[in-house]
Structures are given as structure tokens and as C-alpha cells.
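Student: Listed below, chain by chain, are the residues.
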Amino acid sequence: MVKFSHVTRKYGNTVAVKDLNLKIAGNEFVVLIGPSGCGKTTTLKMVNRLINPTSGTIEVMGKNIQDLNPVTLRREIGYVIQQVGLFPNMTIAENIGVVPHLLGWDKNKSRKRAAALLTMVGMDPETYMDRYPTELSGGQQQRIGVLRALAADPPLILMDEPFGALDPITRETLQDEFKRLQTELHKTIIFVTHDIDEALKLADRIVIMRAGEVVQDATPEELLRHPADDFVAAFLGKDRLSNQELQVAQVMLENPVKAYPEMGMAEGLALMKRKKVDTVLITDHGGRFLGSVSVDEVNAKHRSFNTLGEIVDQDTPAIEKTAAAKDAFNRINEEKLPYLPVIDEKGLLVGIVTRNNMVNALASVVWGDHNGSS
Amino acid sequence: MEKIILLTLEHLGLSTIGVLFGIAVGLPLGIMITRRRKLAGLVVGTTEMLQTIPSLAMLALLMMWLGLGNSTLIIALFLYSLLPIVRNTYTGLVNVDTGLIEAGRGMGMTRLQVLRLVQLPLALPVILAGIRVALITAIGVATIGTLIGAGGLGELIWLGMKNIETSKGVNMLFSGAIPAALLAIACELGLERLEKALTPRGLRVSPESMKN
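Line by line, the protein sequences are chains A and B. Per the numbering used here, the very first residue in the first sequence carries number 1; after that it's consecutive. Per the numbering used here, the very first residue in the second sequence carries number 1001; after that it's consecutive.
With the rest of the complex left out, here is chain A (with noise of 0.2 angstroms):
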């Protein structure tokens, strides 16, 4: 779909990108990611010519885009930007149906056009075609921008950090929804950004630059268990590399209410009452985890024992930090187990997993959110 051969830029004395060859298969998402200055916008622009190479060629859908007409090319190619860039003086419709417009389409087509696409990512089109950008939020904005590229079917789209100006929540909602429209679409995309886990969670492929030059190359997977360097280690953070394979420690929550065997019956009930739990873990004076004490035990027993330590459960069953997250949840759900503490190699208490965590980790997991790893 696109090839870059030995392709340079330079400003100048600047080399902003330097002899790059890559090749971008059909329907590929890839993801152009560095710090800023490397190279990968520059790298983008070219594509569509708003930047020509110094030296070098690139091909888009086998033809030298030198040979060109740039206007005729970029009609051919979606084009999204980090601002938005939505026309204010232009209605919804309107914006979608630029490049429509451009290739001469009628009115009439041009808004059926829009309306599907508004339906597509679930605004009405009823309510919005006619409105005007400033009417709409920063989310809705860029999701036009989204459709604007899409409106007159390109197999090829760029953005440029498309994502990059809205807040966290709004991010990941566009970035799952624009997921889910990839996989419908079947787009070839090229998409630039410098956030790692928005590369992560998209990508097909990430090509990772830095001083205009392609550091690796490779899919998250790949990425994540082999980066080429420290550069690249770096960049994607320590934690992520065990995300792959979440562990209890990553999921569970330090600070369990505990309490020593020596505490009396009546003092353990103000605890659990005073924390709000209906069960203590019991440790040494060392930390070592020696079982637990519900509130039925308490009172039921209170009469005839002292202290909570000469009724704690010792089977209560247990798991260690390391052990993978999906062995903490699979007991949970099989064992039907309310919780289950969390021990350290030594048999030191070091946190817990209840059932309501489980089911925050995994719905993270689910929507693609890492915020239990990190």
C-alpha cells in the first residue's frame, strides 16, 4: 500500500528523517511513535506531499507519488489532525462532505454520505448534521474528524495524533471505538502519536523512530518481549513488559484489615465493624499470615473464647503475589470464595483480592485499559 525507499528529509543542515525504508501492507494499522523530534510526523506528511522527500521515493498503491498531482493524491488519502481541524464556518455535514465535495459529488449523496457515518459511531443524525463544530464537544469533534477522513472511502488514511489533545477518558473511548471501526473497515492507517500505550492498544505494528531513523520495527507482542534496546526498553516503561501476564501483585490491594491473635473477641468485632469487612486477617507479630476470622465466628464464639487468635480459620486458603492474576480469579470463581490473601514468598501477608477488584481488573482487561499493571 505504501513504501518508503531510502527516503530523506532534511531542513537544512536538520536531517529530520534519514534514508528510511518501510513497506505498510494493505489493511496494516500502522503506528509511527517517538519523541518528539524524531522524525515520525514528518515521516506522515510525506506520504500525502504536504512534506516532499529530499531524496528517495515512496509509493502509494504502486504508483511514485513524485508523479502525482499532490491535490489528486490527497483526496485519495483521509487526513486526520491533532486539532481537529474541523471548519467552524461549516455545518457537520458540511465538513464531512469536504472531500466529497472536492471530488464533485452531489448535495444530495454527499449528506446520505455523512448521516451513515454519524449513525456508524452512534450520533443521530437528526440532531447533529446541521449543527456547527463549536456546538459539539471536544470528543464529538474529533470523532468527525474520524469521519470527515472516512467520508469518501479512502483505502488509506493518516493521522497525526489524532487523539492527542482530548482528555484520558474521552481518548480511550474514541481510541476503543476507532478500533472497532477498523475492524469493520479494513483500512490501511498510518497513525502518529507519542503515547505508547495508545500505540500499544491499537497497532498492528509499531515502528519505533528516533533522530529520524526506524529503532525497531515489530508488533506490540514482539515489541514488549524483545526491544531492540534500552532506547526502546525506555520508552515503553519497566512495568509493561510483565503485562502480558498479569500477576496477583499487580491486581490485588495492599493494606488488608489485620490483626494479631492475641486481639480480644470484642475489640476484633469493633475492627471489622470500624473498617466495614466482615472478616480479619490474622498475622504474627512478624507479618507471617496465619489465617482468618469472620464476624459469624466472632459471634458465635465470643462467649467461650478470649482472643482471636483461638479461633482463626488456619485453612483459609491463600495465594502468592507471583502467581498469575488468572489463577487468583479462576479460584475465586470456582472455589466461590469472597477473597483471597495475598502472601509473599516468605508467607508474609502483603494484600488481598476480593471479588470486587477481580471484576475492576478484569474489566480493564476487557476494554484494554493497563491502569491494573501500572
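Bear in mind the hints are in silico, worked out from the structure with no lab data behind them. Glycine included, C-beta positions come from ideal geometry on N, C-alpha and C. Just so you know, not all the hints are guaranteed correct.
What the hints assert, rightly or not - Which residues of chain A face chain B? A few of them, derived with a C-beta cut under 7 angstroms, are:
{"hint": "1", "residue": "56"}
{"hint": "2", "residue": "69"}
{"hint": "3", "residue": "71"}
{"hint": "4", "residue": "74"}
{"hint": "5", "residue": "75"}
{"hint": "6", "residue": "79"}
{"hint": "7", "residue": "81"}
{"hint": "8", "residue": "83"}
{"hint": "9", "residue": "98"}
{"hint": "10", "residue": "129"}
{"hint": "11", "residue": "132"}
{"hint": "12", "residue": "134"}
{"hint": "13", "residue": "181"}
{"hint": "14", "residue": "305"}
{"hint": "15", "residue": "309"}
{"hint": "16", "residue": "337"}
Unchecked claim - Over the 12 angstroms line for every Cβ pair with chain B, so calculated as not near, a few chain A residues:
{"hint": "17", "residue": "131"}
{"hint": "18", "residue": "179"}
{"hint": "19", "residue": "217"}
Mind docking chain B on chain A? Use the hints.
Tutor: Just chain B now, kept in the frame of chain A:
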């Protein structure tokens, strides 16, 4: 009375023609210098210099060269209207968000399409404000046009001033000065409304009407 109305119309006509020439030259010139930024300083500077020439001196100089009559006045009005029109066209166009221009180009607009579909609509309020200033200035300058034999309300004002000791003279002065002032105010208000009407709707939306 009839004469006053005729002179008022003539006054408006002369001013308008001067400004129309100003638009015909100033608008393309303003657009041109956004493409050749190096020329911008020179062009705006020149029109600024023209503006600083006192109107009486300007008329006198032009008269020596072009003789008496309406056309000399119109040329003076044209020269005066250049500055606000060129400057506002230039400012209006260069202040359009470069992101929008790049979005337009990136989607395959030609330079002319970027100008027509994006830059001009967005710069229109500023350009119209320039035209409004030009017209008001022209109405003012046109009152002394009578000194070089041009028409308009200046005739009544100057004759009135010559005979200021008679009540007829005072009346005459007022019958020229008041319509001239009213004409300027009417043009100001009329063009202000036009400006609002022609401002793209998307730029007029107040923040209160924003909905999510």
C-alpha cells in the same frame, strides 16, 4: 429639501464608488501579500503613508495633477480606503488557524479552494470591518470635495461657513453637516449589521448554547 436629499445621495454615491475601487484593488492586494509575506510590510506601509497625508493636502496634490471634479475626489477616497481594506484583509487571512489551512490542504483543496472555502469565510468579519472603516472615512473626506469642485454635502457646509454671520448661512451649514453626520452613522450601523449577518453561523455561536 429636495436638494439636500440629492446632495446626500451624491455624497453617498461618491464615497461608495471610492470605496468600491478600494475593494477592487485592496482585497486582491491583501490576499496577494499573504502569499508574499516579504511584500506585506512594503504594501501596508505604503497604504499607511497614504493615510497620513492630510486630506486637504491630498486633494490639492491630486487636483494639480488631475484637475477639478468628481473623479479627482473619487481617486482620493480610493487611496484612503486602501489602508483599512488591505490591512484588514491581510490580518483576517493570516489569523485563520494554520491547522485549518493544513487540514484543507491535506484533504486535497487547491490553494484557491482553501482561500474560498476556508480562509475568506473565516476572515470575512475582519474584512468587512475594514470596509466599514473605509466607508466612514470616505464620507468624512468627501465633505471637503467641494473645494476641488466635486459634489456632495460639502457644498452646503462650505457655503454655510462663508455666510456664517447670516441666519441663512447657519441654516445652510446645518443642512449640510447634519445629513453628513447622519449618513456616516447610518452607514456604520448598516454595515455593522451586514457584518453580523455575513459572519459564518458557526463563528457566531455563543458558548452558552454549547451542548454535549
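Student: Going back to the hint list, which numbers does this structure go against?
Tutor: Hint check: 1, 2, 10, 13, 14, 15, 16 and 17 fail, others pass.
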